[in-house]
Amino acid sequence: MSEQTENAQHIVGPKVYVLILFALIVGTLATVGASFVEMGVWNPVVALAIATGKAMLVVLFFMHVKYSTKLTKLTIASGLFIFLGLITMTMADYISRAWGRW
Amino acid sequence: MSDSSAIENSVAVEAHHEHPPYQRHHFESVAQQFDATNFAMWLFLLTEVMFFGGLFTAYLVMRNWYYPAFVVGSHQLSIFWGTLNTLALICSSFTMAMSVWCAQTRRKSGLVLCLTLTFVLGLVFLGIKGIEWHEKWVKHHVPGLRYSVEAFVNPASDPEVFAEYHDKPLAPDMAVKTEQYFFLYFAMTGMHALHMVIGIGILAFMIFRARAGDYTSGHVTFVENFGLYWHFVDIIWIYLFALLYLISRHQ
Chain A
1 MSEQTENAQH IVGPKVYVLI LFALIVGTLA TVGASFVEMG VWNPVVALAI ATGKAMLVVL
61 FFMHVKYSTK LTKLTIASGL FIFLGLITMT MADYISRAWG RW
Chain B
1001 MSDSSAIENS VAVEAHHEHP PYQRHHFESV AQQFDATNFA MWLFLLTEVM FFGGLFTAYL
1061 VMRNWYYPAF VVGSHQLSIF WGTLNTLALI CSSFTMAMSV WCAQTRRKSG LVLCLTLTFV
1121 LGLVFLGIKG IEWHEKWVKH HVPGLRYSVE AFVNPASDPE VFAEYHDKPL APDMAVKTEQ
1181 YFFLYFAMTG MHALHMVIGI GILAFMIFRA RAGDYTSGHV TFVENFGLYW HFVDIIWIYL
1241 FALLYLISRH Q
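Here the protein sequences come in this chain order: A and B.
Residue numbers for the first sequence, in our numbering: 1 to 102.
Residue numbers for the second sequence, in our numbering: 1001 to 1251.
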């Protein structure tokens, strides 16, 4: 009993972690670089897309969600779905209240 | 009374299955305990998402209302310090992930080292944040306490920022809205920093216990779940960095 690792789950090794660290550093430099490029309305879009990409890497690998149970995956997905739904509904409300300010 | 409790006790003794000391008795197995606590940790993190989500939504609405004020407000932030801080936090997430691996593979000295590095990088982040906040204080950009719109109605009065962005002066009624930007800046980075302070406190406790070998005897739940918290705080910063520092540079 004492010999087995506590969770019989997948152990993510240093190789994956180093790769993700590298990708996150590249992502950070890319998003800073992109902020120096004039893209008009696309600047926020690119910045948020890169941020979301980085967040996905952290969630999937550093937080082991790629290897976690279906229950955990479903919980996270439903939580994010509700979060995005709340933001969408809030913004829909604000946008439709103050015409001309948006 | 005595008979029935004696029977109950004997039943309880028979039902008592063998398990390692770190497994709570009400769990069937260590794996079940791990899944249950992991699930609970994620539920907590989702409440945290909602909590920060309120701040992010406020930022989104106000940035659209007072767009010119938010753009020039954002120009006051240093990309250099922001990038350095992002890198520090990403590296601390890496060392935290390595801590989990060390705990899983029972490397005690490696675990202590990785936790200590995470602790130090967390302090580096807060130190840099302190430098940035101090600059805001010096430049009268602390809403409510020490605030002046001088840099926004007369951009040339702030030569360093003016040389980089050449902002046009704002009308006084828009210039006062820069205070909203700095209010959200302090609320969001402050709330994030509070999470860092709490995390650093728990890290100190974990380093202490890791040195005693508490996490390298098969019981990794605490390290794993604290790791989730630490990575979550990292993700919040990734978005704060993009929204507060980066997206308004060209507007």
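Derived from the structure by calculation, the hints contain no laboratory data.
Any given hint could turn out to be false.
What the hints assert, rightly or not - DSSO-like, lysine-lysine: derived pairs with alpha carbons at most 30 angstroms apart:
#: 1; chain 1: A; residue 1: Lys66; chain 2: B; residue 2: Lys1177
#: 2; chain 1: B; residue 1: Lys1177; chain 2: B; residue 2: Lys1139
#: 3; chain 1: A; residue 1: Lys15; chain 2: B; residue 2: Lys1136
#: 4; chain 1: B; residue 1: Lys1136; chain 2: B; residue 2: Lys1108
#: 5; chain 1: B; residue 1: Lys1139; chain 2: B; residue 2: Lys1108
#: 6; chain 1: A; residue 1: Lys15; chain 2: A; residue 2: Lys66
As the list claims (entries may be wrong) - Now the stretches of chain B that chain A is said to cover, found in silico as 3 or more residues with beta-carbon under 8 angstroms:
#: 7; region: 1049-1060
#: 8; region: 1084-1095
#: 9; region: 1128-1137
#: 10; region: 1225-1234
Unchecked claim - Some, not all, of what chain A presents toward chain B, calculated at C-beta under 10 angstroms:
#: 11; residue: Ile11
#: 12; residue: Leu24
#: 13; residue: Ala47
#: 14; residue: Ala55
#: 15; residue: His64
#: 16; residue: Leu71
#: 17; residue: Ser78
#: 18; residue: Gly79
#: 19; residue: Leu80
#: 20; residue: Leu86
#: 21; residue: Ile95
Even for Gly, the Cβ is constructed at its ideal location relative to N, Cα and C.
Given hint A/Ile11 near chain B, where the shortest CB pair must fall under 10 angstroms: holds, 5 angstroms
Hint validity - A/Ala55 Cβ closer than 10 angstroms to any chain B Cβ: holds, 5 angstroms
Per-stretch coverage check for the region 1049-1060 of chain B, three Cβ contacts closer than 8 angstroms to chain A: holds (count 6)
Proposed proximity, B/Lys1177 with A/Lys66 (alpha carbon, max 30 angstroms): violated, 43 angstroms
Hint consistency between B/Lys1177 and B/Lys1139 [alpha-carbon to alpha-carbon, up to 30 angstroms]: holds, 17 angstroms
Restraint check for B/Lys1139 with B/Lys1108, where alpha carbons must lie at most 30 angstroms apart: Distance ~47 angstroms between B/Lys1139 and B/Lys1108 Cα, so the pair is violated.
Restraint check for A/Lys15 with A/Lys66, where alpha carbons must lie at most 30 angstroms apart: holds, 16 angstroms
Hint status (Cβ of A/Gly79 to nearest Cβ of chain B, threshold 10 angstroms): holds, 4 angstroms
Restraint check for B/Lys1136 with B/Lys1108, where alpha carbons must lie at most 30 angstroms apart: violated, 42 angstroms
Residue hint A/Leu24, partner chain B, criterion CB-CB below 10 angstroms: It holds, given that the least Cβ distance between A/Leu24 and chain B is near 5 angstroms, below 10 angstroms.
Hinted contact A/Ile95 with chain B - closest CB pair below 10 angstroms: Holds: closest Cβ of chain B sits about 8 angstroms from A/Ile95, inside 10 angstroms.
Distance restraint between A/Lys15 and B/Lys1136, which requires alpha-carbon spacing of 30 angstroms or less: Outside the cut-off at roughly 41 angstroms; violated.
The structure is inconsistent with the numbered hints 1, 3, 4, 5 and 9, although it conforms to all the rest.
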